[in-house]
Amino acid sequence: MEGIQVFDQRVGSNGDVVYLKVNGFIDTSTSLYLVEKIKDLLKQGYVQLVVDMSGVNYVSSAGWGVFVGEIKDFRERGGDIKLVNMTPEVYDVFEMLEFNRILKSYDSVEEAVNEFDVLRGLDITRWVPKRAPEEEAETPVAVAEKAIPDVQISPKPSEKIDSVRKVEKITWTPKKVDPAQLPITEKIKHVIAENPILGIFGIKKELATPKYGNTRISILKLHKLLKELNLDTKEKRYRFYRSR
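Residue numbers (this note's numbering): 47 to 290.
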């Protein structure tokens, strides 16, 4: 349909989670098409839906109404609708209209799919290894190690390696310190040190908890700080976590 493209794929450990990729814009003229697609999936018995919004540049009130209006039927059947990869502009409107009180949002498809599987007690590693089964079989942590390359330094001087590790260590925030009293940059490091797999939206939500003094920060500001801290990708955040 003009203005919107919708593609679906079955993912998850059991292949019963639907990954829905949406491109274009969602407004009065395109929302009916999206509603029909979602209702059709529900009729087929699929109640776990992950909607990738990375290709969506605009969502009107009618567009948000699609998800709000359909989510009840999904949850009544034991499922849910999870939104992922929203652009900062779309997310700001999503939060401003307080749809975040109704719909769950995630920074990545993998994070949303894994939550579906974890809640059902499934082994989330059964889905990820499909991309590289041989490498995963040889080394349980092969994916993590491959995604996070070692520090590129000369292997000759062992002292240099130790010094690099020591430099990384001094950036850690001691767990004994009250996180709520820390500066915003240290709060961010503390969140990552405790849960490196969180995406930018997950970090934002964690900062807003009482543990971190109910710190409010926009996605754009958080992204800027993560970039300044050299923690703007999951690989960098995991590397920071591994350096502890």
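By construction, these hints were calculated from the structure, which means they are not laboratory data.
Among the hints, erroneous ones may be present.
[What the hints assert, rightly or not] Dumping the calculated BS3-like pairs for lysine-lysine here, alpha-carbon to alpha-carbon at most 25 Å:
#1 K235 x K118
#2 K257 x K150
#3 K85 x K67
#4 K282 x K270
#5 K150 x K85
#6 K273 x K257
#7 K235 x K251
#8 K85 x K118
#9 K273 x K235
#10 K85 x K251
#11 K150 x K67
#12 K150 x K280
#13 K270 x K235
#14 K282 x K267
#15 K251 x K273
#16 K251 x K280
#17 K282 x K257
#18 K150 x K89
#19 K235 x K280
[Said to hold, decoys possible] Quick list of simulated restraints, FRET-style, between CB atoms:
#20 E82 x T279: 18 to 28 Å
#21 D224 x S100: 30 to 40 Å
#22 R147 x K85: 45 to 55 Å
Don't be surprised by glycine CBs; every beta carbon is placed ideally from N, CA and C.
Hint check against the structure, violated hint numbers in rising order: Violated hints (numbers, rising): 1, 10, 20, 22; every other hint is consistent with the structure.
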